[in-house]
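S.K.: With the sequences and hints as input, model every part of the structure.
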Amino acid sequence: MLSYILRRIVSTLPVMAIVALFVFSLLYIAPGDPAVVIAGDQASPEDVERIRQSLGLDRPFLIQFGGWVWRILHGDLGTSIFTNLPVSTMIGQRLGPTLSLMTVTLLLTIVVAVPLGVVAAWKAGSLIDRVIMGFAVFGFSLPVFVVGYMLAYVFALELEWLPVQGYTPLAQGFWPWLENLILPAVALGCVYIALIARITRATMLEVLQQDYIRTARAKGLGQGGILFVHALKNAAVPIVTVIGIGIALLIGGAVVTESVFAIPGLGRLTIDAILRRDYPVIQGIVLLFSFVYVLVNLMIDVIYTLVDPRIRY
Amino acid sequence: MDRRTVLKGLAGAGGLALTGVSAPAIAQGASARTLRFVPQANLANFDPIWGTQYVVRNAAALVWDTLYGIDSSLQPQRQMVESEQVSDDGTTWTFKLRPGLKFHDGEPVLSKDVVASLTRWAVRDPMGLMIKALQQELTAVDDRTFKWVLKQPFPKMLYALGKNNSPCAFIMPERIAQTDPFKQIGDYVGSGPMKFAKAEWVPGAKAVFEKFADYAPRQEKSSWLAGGKQMLVDRIEWIVMPDAATAAAALQNGEIDWWENPIADLVPVLKKNKNISVDIGDPLGNIGSFRMNFLYPPFNDVRARRAVLMAMSQEDYMRAIVGDDNSLWKPLPGFFTPDTPLYSEAGGEILKGKRDLDAAKKLLAESGYSGQPVTCLVAQDQPITKAQGDVTADLLKKLGMNVDFVATDWGTVGSRRALKTPPGQGGWNMFHTWHAGADCTNPAPYTAIRANGDKAWFGWPTSAGTEKEVTSWFEAKNLDEEKAAIGRLNKAAMDDVVYAPTGFFLSYTAWRKNVSGIAKGPLPFFWGVSKSA
Numbered sequence: 001m002l003s004y005i006l007r008r009i010v011s012t013l014p015v016m017a018i019v020a021l022f023v024f025s026l027l028y029i030a031p032g033d034p035a036v037v038i039a040g041d042q043a044s045p046e047d048v049e050r051i052r053q054s055l056g057l058d059r060p061f062l063i064q065f066g067g068w069v070w071r072i073l074h075g076d077l078g079t080s081i082f083t084n085l086p087v088s089t090m091i092g093q094r095l096g097p098t099l100s101l102m103t104v105t106l107l108l109t110i111v112v113a114v115p116l117g118v119v120a121a122w123k124a125g126s127l128i129d130r131v132i133m134g135f136a137v138f139g140f141s142l143p144v145f146v147v148g149y150m151l152a153y154v155f156a157l158e159l160e161w162l163p164v165q166g167y168t169p170l171a172q173g174f175w176p177w178l179e180n181l182i183l184p185a186v187a188l189g190c191v192y193i194a195l196i197a198r199i200t201r202a203t204m205l206e207v208l209q210q211d212y213i214r215t216a217r218a219k220g221l222g223q224g225g226i227l228f229v230h231a232l233k234n235a236a237v238p239i240v241t242v243i244g245i246g247i248a249l250l251i252g253g254a255v256v257t258e259s260v261f262a263i264p265g266l267g268r269l270t271i272d273a274i275l276r277r278d279y280p281v282i283q284g285i286v287l288l289f290s291f292v293y294v295l296v297n298l299m300i301d302v303i304y305t306l307v308d309p310r311i312r313y
Numbered sequence: 001m002d003r004r005t006v007l008k009g010l011a012g013a014g015g016l017a018l019t020g021v022s023a024p025a026i027a028q029g030a031s032a033r034t035l036r037f038v039p040q041a042n043l044a045n046f047d048p049i050w051g052t053q054y055v056v057r058n059a060a061a062l063v064w065d066t067l068y069g070i071d072s073s074l075q076p077q078r079q080m081v082e083s084e085q086v087s088d089d090g091t092t093w094t095f096k097l098r099p100g101l102k103f104h105d106g107e108p109v110l111s112k113d114v115v116a117s118l119t120r121w122a123v124r125d126p127m128g129l130m131i132k133a134l135q136q137e138l139t140a141v142d143d144r145t146f147k148w149v150l151k152q153p154f155p156k157m158l159y160a161l162g163k164n165n166s167p168c169a170f171i172m173p174e175r176i177a178q179t180d181p182f183k184q185i186g187d188y189v190g191s192g193p194m195k196f197a198k199a200e201w202v203p204g205a206k207a208v209f210e211k212f213a214d215y216a217p218r219q220e221k222s223s224w225l226a227g228g229k230q231m232l233v234d235r236i237e238w239i240v241m242p243d244a245a246t247a248a249a250a251l252q253n254g255e256i257d258w259w260e261n262p263i264a265d266l267v268p269v270l271k272k273n274k275n276i277s278v279d280i281g282d283p284l285g286n287i288g289s290f291r292m293n294f295l296y297p298p299f300n301d302v303r304a305r306r307a308v309l310m311a312m313s314q315e316d317y318m319r320a321i322v323g324d325d326n327s328l329w330k331p332l333p334g335f336f337t338p339d340t341p342l343y344s345e346a347g348g349e350i351l352k353g354k355r356d357l358d359a360a361k362k363l364l365a366e367s368g369y370s371g372q373p374v375t376c377l378v379a380q381d382q383p384i385t386k387a388q389g390d391v392t393a394d395l396l397k398k399l400g401m402n403v404d405f406v407a408t409d410w411g412t413v414g415s416r417r418a419l420k421t422p423p424g425q426g427g428w429n430m431f432h433t434w435h436a437g438a439d440c441t442n443p444a445p446y447t448a449i450r451a452n453g454d455k456a457w458f459g460w461p462t463s464a465g466t467e468k469e470v471t472s473w474f475e476a477k478n479l480d481e482e483k484a485a486i487g488r489l490n491k492a493a494m495d496d497v498v499y500a501p502t503g504f505f506l507s508y509t510a511w512r513k514n515v516s517g518i519a520k521g522p523l524p525f526f527w528g529v530s531k532s533a
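The listed protein sequences derive, respectively, from chains E and G.
The first sequence begins at 1 in our numbering and counts up by one.
The second sequence begins at 1 in our numbering and counts up by one.
Do not take every clue at face value.
Claimed, not checked - Which residues of chain G face chain E? A few of them, derived with a C-beta cut under 8 angstroms, are:
hint : residue
1    : N42
2    : A44
3    : W50
4    : F182
5    : A249
6    : Q252
7    : K520
It is worth saying that the hints were derived from the structure and are not from the lab.
Beta carbons are placed, not taken as given, at the ideal position from N, Cα and C, and that holds for glycine.
M.R.: The structure is reproduced here in structure tokens:
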């Protein structure tokens with residue numbers, strides 16, 4: 001297993017290199033010029049050109065790309081064109097809020113969605129099942145920003161229980177940290193709760209019809225034991241897969257959520273960087289996200305072996 | 001369902017629900033000495049000479065002081081300067097700094113700092129470049145005196161040093177000001193009323209300013225960038241909120257104190273909340289515009305440009321930008337900011353009265369237009385440009401033009417508009433933008449009105465009459481001469497259609513009622529602003 005994990009990690013390097021080349025090429029050919037944004041409306045074409053030169057944007061593609069790769073290999077993600085801060089510093093500033101948001105969302109999703117799916121499968125065809133699946137359809141259909149605004153209206157403006165926006169680092173206390181994340185996590189989690197609840201239900205229904213479940217029932221095992229020990233464990237592989245895919249999708253969802261709740265995370269940084277054509281920041285974030293995708297896939301593969309001993313690498 | 005509709009509906013509902021007195025939210029509790037402000041845009045960099053965005057200037061006005069400051073009557077007043085003298089022939093300016101000025105690092109402000117700062121500024125500022133072109137020498141005479149010797153008089157010197165359009169002539173320590181003007185500074189030491197808390201800066205999210213205890217304000221009443229900049233709060237937090245509904249909700253919830261420019265859709269909601277004040281922020285407003293490319297058909301022919309002006313309805317443009325609120329806009333048959341001393345409607349008849357589509361079509365046909373595509377660049381990520389672009393597309397179609405509508409983002413428009421290649425080869429025929437009214441009060445900061453061909457702003461208009469009157473204004477010796485020059489300038493620019501003004505519009509600012517002292521002006525002025533618990 002260890003050698004498999006090592007092989008997988010090593011195999012991520014060419015993937016990331018291809019992603020890097022792809023992203024760098026896309027940015028190079030995309031319209032837009034950060035020098036124009038920096039120079040402002042009053043600037044002359046000569047001013048813009050001088051800024052381009054000072055940023056090295058006038059150099060040929062291969063030289064720019066080569067320089068970037070060289071710096072990456074030396075652990076340097078470069079410097080933001082606009083803020084003049086190291087990209088690693090900017091990502092570091094934004095990583096905490098995004099990781100926090102994703103962690104709380106993921107926990108919330110698992111804690112809510114899996115039991116809902118199990119209960120829906122257990123009560124398949126009943127009113128409870130229909131209600132749960134109805135909510136799932138509802139959660140799946142509503143855009144994140146609609147849910148976000150609704151939550152903000154009810155829980156922040158009407159009830160005044162929670163803040164509308166912002167982020168407080170965990171270092172300043174658990175509750176200040178959590179209270180800023182509850183609404184965005186619920187907004188972001190709705191889609192994933194719906195998705196995972198539906199997958200859990202479908203998988204559980206299939207498993208509940210297996211012979212060994214009938215045997216367990218015949219042996220007099222309680223309903224809880226059947227559902228959560230025997231059935232859920234055997235239904236776990238597809239559920240884990242969907243949760244893994246969900247983590248990757250969360251990154252995309254975080255972009256909107258962070259904007260709606262004014263959370264200073266990587267999603268907002270990405271949008272800002274794209275709109276300003278802040279190439280080094282975009283490249284740094286894309287590399288990071290690529291790494292996260294690869295890592296999540298790896299983790300899912302490892303978890304497979306834990307939940308299903310028949311799987312071996 | 002569209003995001004803006006949801007936002008409007010929910011914020012509206014929130015507003016109605018909150019017309020009563022709100023209890024403090026759990027998250028509230030910031031000190032009354034801290035002012036939480038939502039700026040118009042993200043403070044992505046912090047060098048007001050290198051990056052000329054308005055948001056950078058607005059933040060910089062807290063940290064760096066200027067030698068002069070423009071007041072609400074658009075006149076430059078002494079700020080860091082104690083006195084100035086100009087030689088009889090108008091070529092030698094000698095300035096003396098006020099005593100006791102200090103930078104945030106405790107060092108005194110000396111003439112050498114001013115010389116270095118003005119040298120850097122002059123490379124990047126249009127007026128600075130004009131002075132630089134006339135410069136014989138700029139030198140420090142002693143610690144508090146410096147001298148600017150010119151080859152010929154430059155009557156608008158004090159205006160140039162005190163103007164509020166970017167880049168302002170901010171004074172920095174010599175060691176910082178010696179940075180290449182095309183490279184960004186990383187040390188934010190100024191002598192203004194607030195210090196920049198660099199360690200707390202999260203670009204794109206938050207910027208913090210702390211009161212500078214050693215700041216020595218002038219004794220006069222403050223007026224825009226002039227007068228005594230008395231800070232009545234200890235700390236100002238700029239919180240960037242890209243989402244308007246979130247900012248509106250945060251203001252209603254008491255999580256922020258002042259929102260620089262609420263969008264028109266949400267203003268009715270804010271007005272209904274009795275804890276919130278809403279008023280026009282900048283009385284100088286904005287001038288909407290689209291520019292036509294003088295280099296290529298059809299707009300290389302003045303008849304085609306005039307045809308567009310004859311057919312366009314400024315009301316259509318303004319309603320698309322501000323909605324039904326009539327107090328937010330007015331027609332603008334001219335190029336200069338309404339209600340300012342040099343405003344003129346000379347030559348503006350073409351934009352007045354009933355729109356004559358038939359006459360416009362006839363004129364367009366006379367120009368030789370024969371159905372070639374008109375490449376119209378429209379940034380969809382800027383509500384103002386998007387609204388204008390939609391109206392223009394409709395206008396051109398009514399005129400019988402073949403519109404190549406390029407829906408893109410501002411970053412792309414920003415770079416594509418600089419291309420002089422033909423429209424079919426990456427170039428363009430039209431693009432939309434707007435100008436801050438503060439930059440259109442006279443020709444000095446007004447790059448968009450210049451019509452000196454290749455050297456002019458995008459579209460590269462050529463209008464000898466316009467340029468002649470720009471020179472006349474610079475040489476004018478009194479207000480009457482200035483007004484006369486501007487009248488002629490306005491007419492020439494209108495005749496040649498240097499660009500198409502789409503109207504004058506204002507925007508609101510909103511703040512919690514426990515905040516007082518907010519002044520109307522072209523930028524948010526924090527001096528004199530206080531906050532009660």
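S.K.: Any hints from earlier that this structure breaks? Give me their numbers in increasing order, please.
M.R.: Checked against the structure, the only hint that fails is number 7, while the rest are satisfied.
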